[in-house]
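Q: Here the protein sequences come in this chain order: W and E. Start counting the first sequence at 1119; every next residue gets the next number (my numbering). Start counting the second sequence at 2; every next residue gets the next number (my numbering).
Among these hints, one or two may not hold up.
[Unchecked claim] The calculated label-pair distances, taken between Cβ atoms and stated as ranges, are:
#	chain 1	residue 1	chain 2	residue 2	range
1	W	K1250	E	G105	31 to 37 Å
2	W	T1197	E	V213	30 to 36 Å
3	W	L1694	E	V129	30 to 36 Å
4	E	V129	W	V1709	31 to 37 Å
5	E	D150	W	T1281	20 to 26 Å
6	E	D124	W	D1607	19 to 25 Å
7	W	V1268	E	R127	56 to 62 Å
8	W	T1281	E	V129	18 to 24 Å
9	W	Y1122	E	D124	51 to 57 Å
10	W	L1358	E	P120	34 to 40 Å
11	E	V129	W	V1254	56 to 62 Å
12	E	R127	W	A1236	57 to 63 Å
13	E	R127	W	K1250	32 to 38 Å
These are computed hints drawn from the structure, not numbers from a lab. Predicted model only: the values in this text are computed from it and were never measured. Beta carbons are placed, not taken as given, at the ideal position from N, Cα and C, and that holds for glycine.
In case you want the letters, here they are:
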Amino acid sequence: MRAYLPFVVIGLTTGAVYALVATGLVLTYKTSGVFNFAHGALGMVATYIFYSLRVDAGLPTAVALVAVVVVVAPLMGYTVNRLLLRWLAGAAPVTFAVVSLGLLVALQGSAIAIYGAAPRTVAPLFPGDTFKAFDVFVGYDQAIVVGISVACAIALVLFFRLTHMGLKTRAVVEDGDLAEFQGVDARIVTSFAWMLGTAFAALSGILIAPSLGLDATLLTLFAVQTFGAVAVGRLTNLTLTFVAGVVIGVAISVAAKSVATHPGLAGLPTSIPFLVLFLVLVVSRTGSFVEVTRTRVHQRLTGTTAAGRLPWRKLALGLVVAGMLPAGLEGRQLLTATSTLAFVLMFASLSLLVGLSRQVSLCQATFVVFGATTLGHFMDWGIPHPVALILAGLVMVPVGALVALPAIRLSGLFLALATFGFGILAQNLLFSTSLAFGGEAVVTIKRPGILQGDAAFYYFVLVVVFLGVVVVEAIRVTRLGRILRALADSPTAVESIGVIPTVPRVLIFCTSAFLAAVAGGLLGTLTQSVNPYQFDYFFSLIWLTVLVGAGAATLGGSVLAAVLLIAVPAVFTSRLVVEYQPIFFGVAAMVLAQVPNGIVGLFRLPNMSGAAARSRWRLERGPRQERVALARGARA
Amino acid sequence: MKLRLEDVWAGYGRVSVLRGVDLTVPAGSAVALLGPNGAGKSTLLKVAAGHIRPTRGQVWLDDQAAGRWRPSARARAGMSLIPEGRGIFRLLTVRENLAMQAGGRDVDAAVEKAAAAFPILGDRLRQVAGTLSGGQQQMLAVARAFVADSALVLADELSLGLAPVVVDEILQAVATLRAEGRSLLIVEQYAKRVLPIVDYVYLLHKGRIVFVGEPAQCQGSSLFERYVSGAA
């Protein structure tokens, strides 16, 4: 037991910082109804600014700390809140999730573009001497960090209990409209909560930076680890969140000590927060997670939804154009085109969730990775390539069903969180096992003999992608698609006409997982090897922002997304394009999240199938009974 | 404080609920706004309070155009809306509710004013408001008009779902508000209860004002009997 004590001390220290981050996040969510995925990213940016003030500008540590926590971070929180809320007041939780994910991607991209991806070391903030307590050596720095965190928590409690601003905040949380009627400007209260919450994020980033290093990716990951604690607190209970943060921190540290002798379990400690996140969301009683977001503006629907048949002419045109491409391309260009095609399928699979049924899934990269590795394993067993490709897709179907589990029970934001947890969980726990990459951290996939040539392989990919896209389009225009669209609008109404929502939701996740895995298999076959770093959890976020920016509701959006993500940086290889790409994607997702169909939706192509025009005609001049019924409905 | 709605059009999305409403609450007068279900009474109050922005027309507070003011700005200018249902924070204590109503200034004086209007509230200061009885919750909501010393009080369906004896006590308090010279705009389903305490009656039907007059004119008016339950 005594051997564990030092690890408890370490765990308490990180746990105290987790608790600080999580408390800030819950504070902003409760008061504004916006779950800020970029909460930690804001703290990350603040930490970079602290570093610049301290190292580059040479300010004393205390001055830099106060300047960032008291001035810079609140300003950032104020700005983000004003931008998000002013633009999107009353939008659906899913929209806020997408926007803050866009912000996360943009902020991380900006930090890397400005400071470079290489981590920097941060000099300690506090003396490193130790003292002895309860038979264990404790660093003064550790004690100070825990002390600061606990002091912040107590100050927050006192703020809520004793000050009038605290009372107003509680009132706005309960009923913002009533607070307005009583003379409280809810916007000011919300802004204040965001300033406070972001200050918490900044403080925690600065406190953890000396041990974690100044690394945009690590700092952001550190902050998302607190989602587990946030879930335990049901996203609203500050005390529970704080305690859960500390407990999770200790659990990680103790687990790290316990599994030190079992290399196979090396991923377990860092998985604990995400295990907690996923399990709490999946296992909790129905109804224990309630969105506090007050939705007033409903998502506008696209004009392409009325069609009752496949857009054959568009599909054929796409096939012909794609079929002629190899004639004009050579060498690397052809590889880029192949990769772009495979990504069209991946984006199409994601659009089934995000565009069609308005469910945010943040683990699409998991399916892609496992599609590729499973394909490699099957081929090692001697299964021929095309068969193994389909099998690899099928293996992911039950996994898709597993992810659909929270989708059945949870809506919007909570589904996004659960899938986010699942993606990181799979990456931490399974990537190092023989199910995925095993000890070598690489899986090779040999192209079969007849597909050795790049042109031949291109056509193979084209055929597979075309079939996959036809499946996606078929789902869009048939009963399943209609049910899913209806579910996105009103689950209650769907159930009231006798449709059980479970089946379509599971079905769509399974289909999406299958297609994403196939796309992953194609990408793996193209590069002939995959490694764990190729598609980590962050890609799920980037892909989502790219798709939302490009347009999630139609095939055109998937094509544009693939071109923007793969073809553009391959053609314009300048450092500027490559580095600023994530920023562009993040900003595009933020700006276009509320637009029905992203960039594609801004340029409406003439409707080639004429289905929309036909249905409009039916509506206006159609059978008499229909017209009379419609008129009656309108009058009532 | 005088309230005037001038050619107000408002609604939800594309649906217009109010279609060209003109209504005036002269300073120090009490006005009853009557009408059948779905006439737009609550929408009219929400427009007056700033919760819904009119698509056309203007809201005047005294001589200031307030159509674009936030609800909080109107509240600070002296308006109190007692919304339908319970206009209280159920998770806060009675005292905290009163502190909110008073805007955080001089909470003890606020408690005194509330207890003068509704003595029972004075005994329940530390109780969580959600655990009060329905009538006491409504009293706490009405206390806002006294505590904030509002010059204009808008009340939406004060008697909804309350026992008759409680309704009497609350209407008594409303009469006190009027006697103190505050302007009142009262929405009620049951006209009989409010007619004795108002100066003017407006009748709203399908988003338009169809009748304006004094309470005495209402008795026996055929239009009135058609639209208002319990008018006789």
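Q: Any hints this thing doesn't respect? Which numbers, in order?
A: Numbers 1, 2, 3, 4, 6, 7, 11, 13 - these are the hints that the structure violates, sorted from lowest upward.
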